[in-house]
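Go ahead and model the full structure; you've got the sequences and the hints to work with.
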Amino acid sequence: MPTTKVESIKKSIMNKIQKAEDVVFKENFTKEKYLETYYIKSISDEQVLGKYVLKPFFEIQGAELFLDYLQSHPKISTFKTEAQTVESLLRGEAVLFYQDYIFLFDCKVDRNNAVQDTTVETTIQGPQSGFSESLPTNLGLIRHRYPEATLKVESSQVGAISKTKVMLLYDTRFADMDTLGRIKEFLANVKINMFQTGEQLLDSIKKSNRSLFPVMLVTERPDRVAINLSTGKIILLIHGSPFAVVLPTSMKDFMASMADIYQTYWVGRFLQTLRYIGLFVSIVLPGLYVATTSYNPEIYRVQLALSIAGSRNLVPYPSFVEVLLMLFMMEMLTEASIRLPKAIGPTATTVGGLILGQAATEAGLVSNIMIIIVSTVAISNFVVPINAFSFSVRIVKYIVLGLATVFGLVGVGIGFLLFIAYMVKLDSFGQPFLTLIQTKPNKK
2 MPTTKVESIK
12 KSIMNKIQKA
22 EDVVFKENFT
32 KEKYLETYYI
42 KSISDEQVLG
52 KYVLKPFFEI
62 QGAELFLDYL
72 QSHPKISTFK
82 TEAQTVESLL
92 RGEAVLFYQD
102 YIFLFDCKVD
112 RNNAVQDTTV
122 ETTIQGPQSG
132 FSESLPTNLG
142 LIRHRYPEAT
152 LKVESSQVGA
162 ISKTKVMLLY
172 DTRFADMDTL
182 GRIKEFLANV
192 KINMFQTGEQ
202 LLDSIKKSNR
212 SLFPVMLVTE
222 RPDRVAINLS
232 TGKIILLIHG
242 SPFAVVLPTS
252 MKDFMASMAD
262 IYQTYWVGRF
272 LQTLRYIGLF
282 VSIVLPGLYV
292 ATTSYNPEIY
302 RVQLALSIAG
312 SRNLVPYPSF
322 VEVLLMLFMM
332 EMLTEASIRL
342 PKAIGPTATT
352 VGGLILGQAA
362 TEAGLVSNIM
372 IIIVSTVAIS
382 NFVVPINAFS
392 FSVRIVKYIV
402 LGLATVFGLV
412 GVGIGFLLFI
422 AYMVKLDSFG
432 QPFLTLIQTK
442 PNKK
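Under the working numbering, think of the first position of the sequence shown as 2, with each following residue one higher.
I should point out that these hints are in silico values taken from the structure, not numbers from a laboratory. Please note that a few of the clues may not be correct.
Once the Cα atoms are required to be at most 20 Å apart in a straight line, the calculated SDA-like pairs of lysine to any residue come out as [to be verified]:
id	residue 1	residue 2
1	426	180
2	192	182
3	56	110
4	109	166
5	20	37
6	253	27
7	42	26
8	253	421
9	27	129
10	166	187
11	6	32
12	20	178
13	32	69
Written out as structure tokens, the structure is:
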């Protein structure tokens with residue numbers, strides 16, 4: 002292949018790959034030989050490259066002998082097409098430019114041994130691997146699942162004292178440049194001394210705009226990150242954190258689970274519908290109970306009204322006090338289940354809940370129907386797949402409960418409408434938060 006054509010192909014390949022700190026171009030030379038290597042170190046094994054290419058390059062005497070070595074090596078293939086070379090480069094192979102030849106060296110790195118299983122966003126089917134605390138490893142996991150030449154990686158530092166390294170990842174075809182500018186401005190102006198996790202960004206933006214709901218999604222799953230990159234989202238990786246931050250986000254992102262895409266179409270839609278029903282129940286059910294028992298018991302059938310009245314016969318205080326007491330106990334059990342060791346956490350909280358519920362009912366502190374309602378609220382709250390959004394929903398139900406205590410059923414309606422209105426007003430870096438239908442980005 003003529004030298005001018007090799008140079009033209011080399012420039013074309015390098016122009017197609019977005020520049021990043023893990024994209025490496027090295028020049029190696031001796032008195033007789035000159036070799037150029039081009040690879041992505043987050044998905045290529047530099048030790049293998051050094052052992053089978055660079056070390057022989059410096060040890061073998063004579064340009065033709067080294068050429069014979071390259072042509073005879075089982076892991077080295079010759080150039081076929083430019084498109085195939087770019088694809089191989091994005092899969093972890095190294096491109097070798099030697100004399101008038103172009104070679105591909107298979108030095109893909111296996112990151113599976115360096116990753117850990119998901120602990121927060123678990124699924125029955127689909128990949129089980131999650132991010133680690135190593136930034137290069139996390140970047141490699143994303144590149145493995147999103148092998149696109151248009152993936153751009155930008156690095157910066159956050160934290161006045163820690164100076165933590167962070168990476169911004171986005172697809173130049175899909176990402177909105179205005180949103181990207183807002184995110185970069187936010188990162189440049191965020192005031193954090195010790196920056197270690199993505200959750201600290203959530204805390205910072207909540208302090209700046211007093212947002213009740215998270216406007217950034219924190220995930221531990223590389224497959225979720227890859228899917229969000231294809232829809233125009235921007236990803237933030239943080240050194241030392243086994244989580245990635247997805248932004249901007251909408252409510253739909255917080256109600257979606259990766260299990261949905263690994264199920265059949267109708268099963269996935271059923272699960273999504275179930276989550277929205279659970280969200281509605283979690284918010285309005287405590288307030289609805291107070292409103293109907295204290296203000297509008299006539300909406301019940303006679304048998305149900307008598308049953309509820311009979312179960313509350315020994316309860317010495319109004320229904321809203323009963324609800325607050327049981328919700329407080331439920332919140333304490335939820336927090337205890339998080340803090341206790343994994344080996345005893347589920348058992349301790351289950352037994353504790355049963356004992357407390359049974360004892361409170363027998364003592365006449367709460368009614369039987371109240372135990373059912375609180376259990377339903379707890380289960381419905383856990384249906385929300387993203388914890389940060391689930392915690393916010395736990396606060397909203399108290400607002401609806403307070404309005405129901407004062408205004409009855411009208412208060413429940415007002416509280417739910419205020420919840421919707423607040424989400425309509427909320428935005429995530431310029432993007433509306435209450436977007437239930439995800440539109441596909443246009444290719445630029």
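Hints and how they fare:
1. 426 - 180: Holds, because 17 Å separates the two Cα atoms, which is no more than 20 Å.
2. 192 - 182: holds (18 Å)
3. 56 - 110: holds (19 Å)
4. 109 - 166: With a Cα-Cα distance of about 25 Å, the restraint between residue 109 and residue 166 is violated, given a limit of 20 Å.
5. 20 - 37: Judged against 20 Å, a Cα distance of about 17 Å means the pair holds.
6. 253 - 27: violated (44 Å)
7. 42 - 26: Roughly 10 Å between the alpha carbons, so the hint for residue 42 and residue 26 holds.
8. 253 - 421: This hinted pair holds, its Cα atoms lying about 14 Å apart.
9. 27 - 129: Violated, at about 36 Å.
10. 166 - 187: OK: residue 166 and residue 187 at ~15 Å, within 20 Å.
11. 6 - 32: violated (24 Å)
12. 20 - 178: Holds, at roughly 17 Å.
13. 32 - 69: holds (18 Å)
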